[in-house]
Amino acid sequence: MEKHKQKMSGDALLKISNVDAFYGTFQALWGVSLEVKPGEIVALIGSNASGKSTLINTISGFIHPARGAVEFNGLDISMLDPFQIVTLGISQVPEGRRIFPEMTVSDNLVLGSYNRKARSDKELNLKRVYEHFPILEQRKNQLAKTLSGGEQQMLAIGRGLMSDPTLMLFDEISLGLAPKVTDELYKAVREIRAEGITILLVEQNVRRSLKEADRAYIIKAGRIALGKNAAELREEEIKQAYFGI
Amino acid sequence: METLGDLSRPILMGILLGGLYALIGLGLSMVFGVMKLINVAHGDLMIFSAYFAYALMTTWGIDPILSLTMGIPLWFVLGFAIQKYMMSRAFGISMEAPLIIAFGISLILQSLAQIIWSPYSRGLQAPYALGYISLGITTVPRTYLLSFVAALVVMLLLREFLRRSYLGKAIVAASQDKRGAELVGINTGRVYAFAFAIAMATAAIAGVFFGLTFPFTPTSGFGFLVVAFGVVIIGGLGSMLGTFIGGIVLGLTQTLSGHFLGGSVQMLFVYLIVFVVLAVRPQGIFGR
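Taken in sequence, the protein lines are chains A and B.
Here the numbering used here is used: the first residue of the first sequence is 3, the next is one more, and so on.
Here the numbering used here is used: the first residue of the second sequence is 19, the next is one more, and so on.
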C-alpha cells in the first residue's frame, strides 16, 4: 500500500531547519536541522535531556520554535497546533503512551481516527491495527488500564496508526519493556514502514535504534552532533557524542 | 415505634428528590471532570434559568417546561462562550484565575436577579405540576416525580451521547488524558467549550425543575452549589451511576432527617454528610 505521495524523489517529507526552542527561558534546542525522506526510518539518539523529546514535541506542535522552520510535505507547520498537525498526517506515539485508561481498547482506537480525514477509513485502519496486534482484538472490550505494559504500548501504536499518518514519531516505545516484547513492537514498526509510512524514532537503546534505522542523528545538549547512515556510525562516534570522550 | 408505612413517604420523597439533586450535580461534575474547575457559579446559573423561565411565564404565560426550548439553547451558547472567551484565557494565567471568574459570574448573576426580580422568593407554576400523585403505597408531590423523570431522561441521554458520539468520546478522553487527546487530533479547546456548554444546558433544565419544586430567591444558588458539590463528592467523577446515587443519598438524608428531627435541621445533615465524606474519602465513595 503506497501511503505517501512523493512529489519529487529525494524530497524530504519532514525538513527541520535551524530550529531554536525554549521551555520558558531555558533553551532546549539550538539551531537543529534534520531531514526525513519518504519511506525512511530515522533514529534520533542522545542521552537523557539532550533534547530528543523536545524535538519530537516541536514537530507535533506542542512547542512552537522561537526561530527556524518545521516543514512537512513542503508546508511550514511550525506554528500549527497539535490537532492540526495530526490531521496533516503526523502521528506521535508518545513516551508514557498517554492512552485513555478508563476507556475500552476499541474506544481508544476509534478515538485515534478522530480527525475528519481519518474517520472514513476507520474500519479499514481498525482491521489493519488488529492484523498488526491480534491481542488488541482479543482485548477490545477491556479497559485500557487492564492491559499489560507491552499491550498498552501496542495500543498506543495502534491508536497512532488509526489517524492515517504519513509520518509516525515514536518516542521511547521500548522503555521498561522486556526484550521479547520490544522485539514484537519493532517487528510491527518494520511492518508499518513496509506499508509506506515514514518513521522518526527516539530510542534510549542505541544498539536497537541503529539496528532498526536507515539513518541516525545524534543529538547532544540540544544540538545535532552528527547525522549519517546508521550502519556507518562507529562506536567511537557514538561514545564521543554521548560522553564527550 | 415507627412503622414502615410511616417511613415509606420520606424514603420515596428522598429518592425522587435525589433525582433532582443528581440533575443539579451533573453539570458541576462534567465541568470538574473535564476541566478540573469547580464552577462556583453553577448554582447561580441554575437558579438564573429558573428566573428566565419565570420571566417568560409571567410576561407571556409560557409554560416553564416549554420555555426550555429557549432556555436550553441559550444556556448552551452561554456556556460555550464563557469557556471559550473567559475560562480558556484564564486557564493560561493560573489555576486560580478561572475560579475567580466563576466567582465573579456568581456575584453578577445574584445581583442581576435581585435588581430585576427583587430579593423576595418566586416560584414556577404549571397546571400539571400542582398537587399530589399516588404511587401506590403513598402520595408524593407531582413536581418531585416530574423532576425525577426529567433527571433520569437527561442522564440517560447524556450517557448515550458520551458513549456513542465522537464528540462525546472526545470529552471523556480529554478528561482522562488531555495530552493524549491532543495527540489523537482532538482540539481540546473546542471540546472544553462543548463540555461547558452541555453542563450549562443541564443546569438550565435543573433550574426549571427546581423552580417548579421549590420557591427560589436570588441567593438560592449557593446552597445548591453545596448540594451539587456533595453529589459529585459522593458519586465520584465520571460515573453517571455514581452521580445518581450521590443525589439519592443526599435526598434521603434530607427527607429522613426532616422526618425524624424536624424540617429546620434537614439541610444541616445534608451539609454534614458532604463535610464528612470530604474529610474521610475526598476522592468520593465511587471515585477512582
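Please keep in mind that the hints were generated in silico from the structure rather than gathered at the bench.
Every residue gets a Cβ at the ideal spot worked out from N, C-alpha and C, and that includes glycine.
Don't take each hint at face value.
As the list claims (entries may be wrong) - Simulated pairs of lysine-lysine, DSSO-like, Cα-Cα distance not exceeding 30 Å: (1) A/Lys213 / A/Lys241; (2) B/Lys54 / A/Lys213; (3) B/Lys54 / A/Lys129; (4) A/Lys119 / B/Lys196; (5) A/Lys129 / B/Lys102; (6) A/Lys124 / B/Lys196; (7) A/Lys142 / A/Lys124; (8) A/Lys182 / A/Lys119.
What the hints assert, rightly or not - Residues on chain B that point at chain A, a partial pick, calculated with CB under 10 Å: (9) Ala99; (10) Lys102; (11) Gln132; (12) Asp195; (13) Gly198; (14) Gly203.
Hints, verified against the model:
1. A/Lys213 / A/Lys241: holds, 17 Å
2. B/Lys54 / A/Lys213: At roughly 44 Å apart (the allowed maximum being 30 Å), A/Lys213 and B/Lys54 break the hint.
3. B/Lys54 / A/Lys129: violated, 36 Å
4. A/Lys119 / B/Lys196: Status holds; Cα separation ~21 Å.
5. A/Lys129 / B/Lys102: Distance ~37 Å between A/Lys129 and B/Lys102 Cα, so the pair is violated.
6. A/Lys124 / B/Lys196: Holds. A/Lys124 to B/Lys196 sits at ~22 Å (cutoff 30 Å).
7. A/Lys142 / A/Lys124: holds, 15 Å
8. A/Lys182 / A/Lys119: violated, 35 Å
9. Ala99: violated, 21 Å
10. Lys102: violated, 15 Å
11. Gln132: Cβ of B/Gln132 sits 42 Å from chain A, so the hint is violated.
12. Asp195: With a closest approach of 5 Å, the B/Asp195 hint holds.
13. Gly198: The hint holds - B/Gly198 has a Cβ within 10 Å of chain A, the shortest such distance being about 4 Å.
14. Gly203: Check passed: Cβ of B/Gly203 comes within 3 Å of chain A, closer than 10 Å.
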